[in-house]
Structures are given as structure tokens and as C-alpha cells.
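Undergrad: Start from the sequences and build out the full structure, keeping to the hints where you can.
For the protein sequence lines, the chains are A and B, in the order given.
Heads up, the working numbering is the position in the first sequence plus 218, with the first residue counted as 1.
Heads up, the working numbering is the position in the second sequence plus 218, with the first residue counted as 1.
The hints are simulated quantities; they were obtained by calculation from the structure and are not laboratory data.
Hints may contain errors.
One copy or two, either will do: identical chains are not told apart, so a pair holds if it fits within one copy or between any two.
Unchecked claim - DMTMM-like mimics (lysine to aspartate or glutamate), calculated; alpha carbons at most 25 angstroms apart, straight line:
no., residue 1, residue 2
1, Lys453, Glu268
2, Lys342, Asp471
3, Lys438, Glu417
4, Lys453, Asp465
5, Lys342, Glu417
6, Lys438, Asp450
7, Lys453, Asp358
8, Lys453, Asp239
9, Lys453, Asp235
The primary structure of each chain is shown beneath.
There are 2 protein chains.
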Amino acid sequence: MSLGEFDIIARYFTQADARSDVLLGIGDDAAVVAIPPDRRLVVAMDTIVEGVHFPAGTDAADIGYRALAVNLSDIAAMGAQPSWMTLSLSLPHSAISWLERFSAGLLDLARHHGVSLIGGDTVKGPMVITVQVAGLVETDRWLTRAGARAGDLLFISGTPGEAAAGLASIQQGVPQSAASRHLQRRFLRPEPRVSLGRELRTLASAAMDVSDGLLTDLDKLCAASHCGARVDIDKVPTSAAMQELFDAATCADFALAGGDDYELLFTVSPDRAAAVPASASCIGVITEGTTVSCLRDGQPVTVARRGYDHFSAKEAAP
Amino acid sequence: MSLGEFDIIARYFTQADARSDVLLGIGDDAAVVAIPPDRRLVVAMDTIVEGVHFPAGTDAADIGYRALAVNLSDIAAMGAQPSWMTLSLSLPHSAISWLERFSAGLLDLARHHGVSLIGGDTVKGPMVITVQVAGLVETDRWLTRAGARAGDLLFISGTPGEAAAGLASIQQGVPQSAASRHLQRRFLRPEPRVSLGRELRTLASAAMDVSDGLLTDLDKLCAASHCGARVDIDKVPTSAAMQELFDAATCADFALAGGDDYELLFTVSPDRAAAVPASASCIGVITEGTTVSCLRDGQPVTVARRGYDHFSAKEAAP
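TA: Have a look at this one:
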């Protein structure tokens, strides 16, 4: 059974509970929304491709979830509240079961965060999914990567590396266990740290989400802030599930260079550090200069693999 | 030579002249823009795929132009002024000459309309291009497809069918001539009717852009407005270039069912019709009921082919 573009939208992407600030939703040439005068608009767009951002054969519900989650994570890193999204779906064919599961994964997460789907496009083509999310933030109160200053403390939320460990456990066919299920869920269903981002809005000096690996993303934060950083590897939170399935060196590699965690990496002035929520850990300090260095047992160590550059599809090196 | 994601953005998609309402542009987790309190935000997203929306081998400059133009056309149909865009570029490889030409086509058109590129994503994958454009419109002054009333006059801008004739002349390898060059330019470089849309904002009762074919898009306008229409085929503007290269029946088919024109189809109350700009032609009238019918020489005629549904990749029929 083949469905046309309008059938697909009407059947699978209509939400019961649209936001009141959506003045015109799906179905016209464009959508219309209202922005409160004391808010700025924050806009993020991410694209995911089978075989690049998720393994072939991933459940469509997980793909739908991910397509939105990676964008919510960007909005969270700005300290903004997500509001609306648009969806571009390029699909080779309109398989009903796939669409049902994809839209369920997407819209369940959208509902959880109060996000309305206001428009988009469905086309016949190779499977490529793009979501744009717009959010709102108090005037002059958004976070950027550029505000870190020497002496600020460096924090990471959650336990970095678990998503990379989950992906590896899928790719390597690790036997199912509580640990592997936990890690795979961390990869397949990353939780965008929206409420943490909102808390950080008046607390952090700089923030970004970790999608390509802790160290390579820290490099970007430091470049934007014109500073360096020193990471105390011993302070990076460790995952019991990860340690159960992988050796210590692999766990360290996942934690420092694994992508897809969608945790928040942020900096806070030392006098405000006590206010940082317990879900985040202090893992280092911002320094003068431009170098991101690592310590283990108090001694400098060189970490060769730092993360992933999706486009050049090569490992990022220092 | 392989370029990473950040190199691509910095090298090819940096604009010299960013808008002052762009508070944070490309390079962070998300962009931040300011919306004037007396404006609503209008959002459109379109995706184009090689082989579906443009022929394989199309000049990358034309692809870049098209990716933005189709979105500007949606914004124009709402009566809004385009402001910013985001770009998702899924590319199998980062060929420098392709990127140079693509970005030139995209950014030249953006500059012409005062649109800033504020963010997006570049990923390795099959060639799929998504652009989202946001525009601004005066509070409660946007156009929709839903406002047409029986008795309103029906207008179309420009000369519909030329883009389909241009595509056909490319596909059929019609020898180059002034006529074929004109038509091919109409297909490759459709002019979004932004200034006309702005004029229509206080004049039209309903509007949409014609992307899938005049009759099939009129069907959508009538469905949204809960009305019918009667099109006087003899009043549909004819193109001398089209008539030079194609027979009368083919020209009529292009005009009524050809896609990709990106002209504006709109309705105006008869008492305001004198104010409609001369670039548009009155081609019929809105009626009671739900039927879109056609007249030729004053007699009802049945037109089988009405347009194109991109997803089901079949001709739209009544």
C-alpha cells in the first residue's frame, strides 16, 4: 500500500495536544507561531542517516526518538525550553509499520517535552531524517560555548561513554544482560538534559552537549572560549555496566572519546560550584592558553583518540 | 581532499552580511534570533532529492538556488518576509567544486532576499538537502489556503507550465534556443514571489504556491477553504516560449498540471480585484461546493492530469 505525502502527515504525525502558541500548524504552506516579547528564539537542526548515526536495522521507534533527542540536546545546551519542531523525512518507501513506529518514538518524546510538530516535508528518496527544533529562552540569558574563563570548574552530566559502549555492544553482538540492555538503551534512547540546561542558564559560564566525544567536544568549547582545560581522568564518572562488559582501557576510551552521549559539558565559576546539581560531576578546570590536557593519578597523560567527526568519518585527533 | 564538518561550514557557508537580529549564528549548539513583538514567526521546510526534485547532473549552483527558492516560495505564499534559514546537507563526499557552486547558488539568492544562514548540519550520506526558512509577518496578517469564499476571483502569478516545459526540454534534449534557455531557466531558477506575497497580505483571501501543478494545488486550496472553483482555461496565461517548442495539448497540460512553477495561486474578493498587481492573471472564480471544474470556450471540460504527488511518485488524479 502506497501513501501520499498528505496521507502520511495526517495519519502519523498529527498530535492531539498542540501548543496554544501554534497559530497555524501542519497543512498550509508554512506554520505560524507566536513568540513572547521577553523571549529569544533558539534554533537547532540535526540530520541522522542510517549507517552513520544509527546501525542499519535499528527499530524505527528508536530512530524517531533519536531524530528529536539530538536536537533537544542542542536546545538544552543553550539553556532554552524546546517548543516546536519541523520534520523532513526522506524515505525510499512508505511502509506503514515503519511510519507507525517512527512517529510513535518521535511524538512520545515530543509530548514528554511539550514540543509541537508544526510542519516539514516528506519525500521519496534515500533514508535521511532531519529535525529542526526551536526553543525559547529568556532575553540575554542563553548559554554558549564561548563563556568559559580560566579558573572555571569543568563539569559533565551523567556517565559519559555509556552510549558508545552500548553501540559497541550492539555491533559486537554482546550477549544480552542487564548491563548490555542498560548501555544499549543509553545509546538508543539518550535523554536530552533539558531541565539541567534550564538550571544552568543562570549558573554556567559556558555549555555544550557532547555528541562527538568528551575530549573533542571540550576542544570545541575551549576554542570558542579562547582557553584551555585540564581534565582529571580519575574524576570522570565511571559506569558499572560499562566496566562489567569492557576492560579498563576500553572504558576509558569510551568515556573520553565515545560519541552519542548527549550529556552536557559545562563550566561554572568556583564560587557558584556548590549550586551545580548532583547529576553532574566536576572533572577538571579551565586554564589559560589553548591546550586541553589530561591527568591520570596526578600525572599528565596523552590521549590519542578524542572523538569523531561525522562528515570526514575519521577519528578526531589532537 | 576531505573536509570535516566544521571546515565545510566555515569555508563555504559563512556570510559577510549577517542580519542584526541574528544574536548568535553558526558555530554553537544552536542559533539565537530576536523576533519583534509585533511580528509572528512563519516557518517552512522543504527537502529536495536528486532524481526526484531535480535531474541527476544538475549544476550544484542550481541545486543550492532551488533548495532555498522552494522555501522562500512557501514563505511568500504566507505573505511573510523571509529572514533566516538553516541548512541540512547530506552528501556522499565533500567535493570542493560542488560545495563552492552549491553555496554560491544558495547564498546569492539568500543575499538577494536578505536571508541569513544561521545554522544546520552537514553529514555524510546520500545526497538529500533540506532547508528551513523562517520569516516574519505582521500579527494576524498572514495568508493561508483556507480563506477563499464563493465569489472570490482566482488569480495566478506569472505563466504556469514554463518550469515543467523547461524540465521536459532538458529531459528530451531539446536543442538549445532562446525559448529552451528561457524555459530551462524557469525550471532551474524559479523566482519566489516574495514581494507579490507581501502585497497580497492585505489583499488576498487565500493564497498558496504552486509546486505540484495548478489544478492539484487548487484542489488543496479549495479543500482547505471548503469551497469549489471554476477555472477558465482560456484565461490561463500562455507562454510564447512554451508554444514555440511544444504542441497546444502539451502546453495546456504543462500549464494545468506541470509542477515546479512556484507561482502564487490566490483569491481576492471582486471589489478588491482592481488592486491586484498586473503580474497576476484572473483565471477563474471560487464557487460553492467542493468541485474544481474547468471551462474551455465556455464549455465544461474534464482535465485528467492535475499534478504530481512527490511521495507516492504518481500523477495526481481528480
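Undergrad: State whether the alpha carbon distance between lysine 453 and aspartate 239 is at most 25 angstroms within one copy, between copies, both, or neither.
TA: Neither way: lysine 453 and aspartate 239 sit 44 angstroms apart in one copy and 41 angstroms across, limit 25 angstroms.
Undergrad: Using 25 angstroms as the alpha carbon limit, work out where lysine 438 and glutamate 417 are close: within a copy, between copies, both or neither.
TA: Classified as within; 22 angstroms inside a copy, 45 angstroms across copies.
Undergrad: Please work out whether the CA atoms of lysine 342 and glutamate 417 approach to 25 angstroms or closer within one copy, between two copies, in both situations, or in neither?
TA: Close neither inside one copy (41 angstroms) nor across copies (34 angstroms); limit 25 angstroms.
Undergrad: How would you label the pair lysine 438, aspartate 450 (within, between, both, or neither) given a Cα cut-off of 25 angstroms?
TA: Only inside one copy: lysine 438 and aspartate 450 sit 18 angstroms apart there, 61 angstroms across copies, limit 25 angstroms.
Undergrad: Classify it for me, lysine 453 with aspartate 235: is the Cα-Cα distance of at most 25 angstroms met within a copy, between copies, both or neither?
TA: Cα proximity of lysine 453 and aspartate 235: none, with 43 angstroms in one copy and 44 angstroms across.
Undergrad: With identical chains treated as interchangeable, where does the CA-CA distance between lysine 342 and aspartate 471 reach 25 angstroms or less: within a copy, between copies, both, or neither?
TA: Between copies only: 24 angstroms across, 39 angstroms inside.
Undergrad: Is it within, between, both, or neither for lysine 453 and aspartate 465, if the alpha carbons may be no more than 25 angstroms apart?
TA: Within one copy only: 18 angstroms inside, 77 angstroms across.
Undergrad: Reference check for the pair lysine 453 and aspartate 358, CA-CA at most 25 angstroms: within, between, both, or neither?
TA: Cα proximity of lysine 453 and aspartate 358: none, with 33 angstroms in one copy and 54 angstroms across.
Undergrad: Within, between, both or neither: how does the pair lysine 453, glutamate 268 come out at a Cα-Cα threshold of 25 angstroms?
TA: Result: close neither inside a copy nor across copies, 34 angstroms intra and 49 angstroms inter.
Of the hints listed earlier, those the structure fails to meet are numbers 1, 5, 7, 8 and 9, in rising order.
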